[in-house]
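Student: Sequence:
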Amino acid sequence: MQNLNVGLIGGGFMGKAHSLAYAAMPMFFWPAPALPVRKVIAEANPDLAAEAARRFGFENSTADWRSIIDDPDIHVVDIATPNHLHAEIAIAAAEAGKHIICEKPLARTGEESKAMYDAVKDKNLVHMVAFNYRRTPAVALAKKYIEEGAIGQILNFRGTYLQDWSADPNSPLSWRFQKSIAGSGALGDIATHVIDMARYLVGEFSAVNALMSTWIPERPLQTGGADALGTVRGGEGPRGQVDVDDEVMTMIRFANGAVGSVEATRNAHGRNNFITFEIHGTEGSIVFNYERRDELQVCFASDPGDRRGFRTVYTGPAHPYGDALWPIPALGIGYGETKIIEAYDFFKAIAEGGSVSPNFADGYQVALIDDAIVESAAKESWVDVPQINA
1 MQNLNVGLIG
11 GGFMGKAHSL
21 AYAAMPMFFW
31 PAPALPVRKV
41 IAEANPDLAA
51 EAARRFGFEN
61 STADWRSIID
71 DPDIHVVDIA
81 TPNHLHAEIA
91 IAAAEAGKHI
101 ICEKPLARTG
111 EESKAMYDAV
121 KDKNLVHMVA
131 FNYRRTPAVA
141 LAKKYIEEGA
151 IGQILNFRGT
161 YLQDWSADPN
171 SPLSWRFQKS
181 IAGSGALGDI
191 ATHVIDMARY
201 LVGEFSAVNA
211 LMSTWIPERP
221 LQTGGADALG
231 TVRGGEGPRG
241 QVDVDDEVMT
251 MIRFANGAVG
261 SVEATRNAHG
271 RNNFITFEIH
281 GTEGSIVFNY
291 ERRDELQVCF
301 ASDPGDRRGF
311 RTVYTGPAHP
321 YGDALWPIPA
331 LGIGYGETKI
341 IEAYDFFKAI
351 AEGGSVSPNF
361 ADGYQVALID
371 DAIVESAAKE
381 SWVDVPQINA
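Going by full-length UniProt numbering, the sequence shown opens with residue 1, and the numbers climb by one from there.
Honestly, I wouldn't trust all of these hints.
What the hints assert, rightly or not - Distance condition first, Cα-Cα at most 30 Å in a straight line; then the derived DSBU-like pairs of lysine-lysine:
id : residue 1 : residue 2
1  : Lys123    : Lys379
2  : Lys143    : Lys114
3  : Lys143    : Lys179
4  : Lys16     : Lys114
5  : Lys379    : Lys143
Hints in this document: simulated from the structure, not taken from any laboratory.
Remember, it's a predicted structure, so these values are computed and weren't measured experimentally.
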């Protein structure tokens, strides 16, 4: 069992999630494929970096992320920064021969994502984009049912990601509302998770027809560098322009003939982290709601007529990743466990010399879908989605 030294760049919300996963992964998956060593963390200034190192259990800290790239003792570079930094860091890490895990979306645009994919595709590196929700055991179970043919040919996918943290017009202008940093709003921030699940469960997108809306055009300027995610109010001070989308809706044509839709907003009062999908097939249906993440609802057409209807399967030891999680289904899982599973699959690929999905090719393809959605909304028409040759 080898030790793999991790250099984490970014000590915010996602830095916390990744640090927890590195600490806990060997506790759940034992023997672990490899032991993540929290070696060094980078933040915007020395004080923030030192605080993050103490809080998240890293041996060292730095205010210069390039020192992580240049350190020959670092095996894994973890990118948990705002989106505008992803490409520069990932390309430098690939050139230095590091394995890379990068938070979603892979980059702000398809062009940036292509540069990242080109940097890793011909190198013997493991690269991953952190669409962790597909590693929810119930979602992996849905994939298992689909691959077994339990619901037949897929006809329709209907997905949502609804949140309310930015519904208040006095929530501050974080980087997530600035196109130069984020690239897009609800589209890149949350819709990409559902797009990833649609590709994972159904297949490639061939065309999209989209609407995008910005409901709150100005927000109070944020003080401090932390991403407040709507937990504070900006008051009556100066305001800045929001130049990204608050809401996106798109119809989908899949390459295999299925149809579908994705809807995402951060302005839905009462919805906290409402990630859902409903999939209809010729032999049954599957329904998932992340706010009830231990459950998968299924209906099989083969059931007798007097018993046909949705049943609830509670995920546990008998289901994907279940043998490493909690021994009783009713104990449940949380957001942290999806990150622990993600870390397990990533380090397993490194230890075994394999690959992992979703990787930078998947992140690039999602970025091309995002670009097509933006183009479609501007043109108010169907737009074909380009396909990469991974």
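Student: Determine for every hint whether it applies to the structure shown.
Tutor: Hints versus structure:
1. Lys123 - Lys379: violated (38 Å)
2. Lys143 - Lys114: holds (27 Å)
3. Lys143 - Lys179: Answer violated: Lys143 to Lys179 is near 34 Å, above 30 Å.
4. Lys16 - Lys114: At roughly 28 Å apart (the allowed maximum being 30 Å), Lys114 and Lys16 satisfy the hint.
5. Lys379 - Lys143: violated (34 Å)
Violated hints, listed in ascending order, are 1, 3 and 5; each of the other numbered hints is respected by the structure.
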